[in-house]
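Undergrad: Once you have looked at the hints, place chain A on chain X.
Here the protein sequences come in this chain order: X and A.
At position 392 of the first sequence the residue is numbered 392 (the working numbering), and the sequence of numbers has no breaks.
At position 292 of the second sequence the residue is numbered 710 (the working numbering), and the sequence of numbers has no breaks.
Simulated from the structure, these hints should not be mistaken for laboratory data.
Treat the hints with caution; some may be incorrect.
[Unchecked claim] Output of the computed footprint for chain X on chain A, the stretches with three or more beta carbons under 8 Å from beta carbons of chain X:
#1 465-475
#2 483-496
#3 505-513
#4 518-525
In this text, a Cβ means the ideal position worked out from N, Cα and C, and glycines have one as well.
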Amino acid sequence: MAMNATLPRFFWSEYRKRHKRAALITFALFWGTLSILLLMAFGQGMSTQFRVAFSGLGQTLIMVYGGQTSVAFEGLPKGRQISLYPEDVDYLRDRVPEILYIAPESYSYLPLSAGGKELNRNIHGTTAEFGLMRTQVPQLGGRFLNADDVAEGRKVAFIGWKVATDLFGSADVVGRTIVINRIPFTVIGVLQKKIQDSMYNGPDAEQVYLPFHAYQQIDNRRRINQIHIQPREPSQSKLIEDRVKTLLGRKYRFEPGDRYATSFWNTIEDAKEGMAIFKGIELFLGIIGALTLLIGAVGVTNLMYAAAKERTKEIGIKLAIGARRRTIVGQFFLETVFVFAKGTFWGFITAFNIVHLVRLAPINYDSFGIEAYLLRPEFSMRIFVAYIVVLGALCFLSGIFPALRASRANPIESLRYE
Amino acid sequence: MIELEGITKVYRTGSQSLEALRGITLKIGKGEFVSVMGPSGSGKSTLMNIVGCLDTPTAGAYLLDGDEVGGLTFDELAAVRNRKIGFVFQNFNLLPYATAWENIELPMLFDGKNGKKRRERVTELLNAVGLFDWRDHRPTELSGGQQQRIALARALANDPPILLADEPTGNLDSKSGEEIMAILTDLWSGGRTPLRRPGPALITAFDSLRTGDYHGVILGRAARVSPNREEGRDEKSSGSRPFCFCRPDLRDPDGPHPRPELAVLQGLRRSLRPDASRGRRRDAPPGPGQNRGRPL
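The shape of chain X in the complex, shown without the other chains (with noise of 0.2 Å):
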């Protein structure tokens, strides 16, 4: 049909006609576009960012420290001190089945030097099952302490990015000899950046990791300073804090009810508070987006609405020289569905950018701060699906309702609206 072919391009010449009006439109949804998602990336970001600094320290860890017994318990007197031992990795693990992995720690402050320098650092004796537990990913190149490196003892450290950069002025430095205590050390690996937001002694950019048996060479007391655990199931953190307690009380002697023989700190319990925040967050940033989608939705549904009322008489007129009802509605529809995607695709091209180039801003690790959490967006599709269902169908109904209704009246009834 012939008509096929002419009318889409008269609605075009028309649309062009009428674009400074359309312009308005187009930017509005641009606008309104770009500063809901790039609200909701930012806040995506930051929410991520918080789990990603909780996680820091490490994945779903308990901790066990010694203490004091606070009262009597089997003819022994309170106030004895309960040390941990390095035994007690394994006589836990064999009694503990819902143990996933368990590691020593101990730690002083000792002298460290290389290349001429010296520092004071904490230097660690763990195993490999710590890395596992507390986030110690190694940068390209190097690796965290390994079950052959603590059983043979070898003379190998895991060492703080910070730690690198003091001693070398450069991170890439696997292989190179580190001496503590005088005795050396080689590098095997080098901590990668990470946010941290909680920690014991300091961050773990600053922090040396020695084999087990390596450590007790430079540091002879028998005594640890604490049991790392990690449960199979999150859930089985408390029941785990209870059965370490019975188990430590059977050895050694204590009351399994008393809180201060051992102390614990359960970073799962923690994450509990943590996820409500997280929630709190992600809560508050969801009903700010709809606050702001509605606002938006109102402005820009107003405008389309106020555009396609104004053109009541135009529509009369067309009415009165014989156009059909899908011919006027056709149109509005189509520029509305035209007027929207131009100024939805140009807000989500901006912001995809933004976003994308925000991202590419380099974060301060050594003490980082609210750029930490605001310099790492992240871009939902989710949200942006989200978003042009619910504002294309407001703007579609603002867009077309009013033609729909005028070619639905007789056409005097558009025709008398000025």
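TA: This is chain A only, laid out in the frame that chain X set:
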């Protein structure tokens, strides 16, 4: 061709209802030239809109070429407006964004005519109204008279057998008004017609008798406003005053409330003398000529 039977139109706004037309019955045949006259508010435009299928009556039947218009769908009505009726409005009703050319082309576009046919026809019409050089101008760049000539050309685009002109000179100065009237009468009488079809029925509405000297008139009835609850009261108590504009020799000599519609309209053919009237028009000064008619 056009048959109205008991056409009534009542506008309702809230608690008030306004009876614009009451029981209009008339017939207009092919090629007739009919003027609907009456003062402002007498329902001329309402009648024109109903005849032009822009509005629907509250009661009564409208047969167009034997088809009941009330039974047509929205799109069938659109097709009727597109092909059978050309409508010229008092306020031109041109699309402000479109050029003169595009405004004239649009009815043909809606009719699905191909590009070549449209170009030929628009050129022909623009030449007929003497505005070919203004084809790329938008309505705001044209004078009132020029706009109305474009509107007239648009009304003729699809060769309609019926041409309706609702106070086509109402928004124009007297000179432009004369020009439009000259084109209209020329059209009807088959002068320099850009219509391919000879002798369209021409129905005009005026609030005066300016063309009454040589055209027929029909009854207009004053609109009355009455609360809805008073509906159905008889005419006397509701205070409506029927009136009639017509040539003295066509008046019904008998009644104080003549019903001259049919009589007058039927008499029209005989009394119309387009040639003579054209001759007289040329001599007539383009003066005010607005209120030559007297209400009875």
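Undergrad: Does each hint fit the structure? Answer for all of them.
TA: Hints, verified against the model:
1. For the region 465-475 of chain A, the assignment as covered by chain X holds, since 5 residues bring a beta-carbon within under 8 Å of that chain's beta-carbons and 3 suffice.
2. Judged by the Cβ-Cβ criterion of 8 Å, the region 483-496 of chain A is covered by chain X as claimed, because 3 of its residues qualify and three suffice.
3. For the region 505-513 of chain A, the stated coverage by chain X is satisfied: 5 residues place a CB nearer than 8 Å to a CB of that chain, which reaches the threshold of 3.
4. Against chain X, the region 518-525 of chain A contributes 3 residues with a C-beta closer than 8 Å to a partner C-beta. That satisfies the three-residue criterion, and the hint holds.
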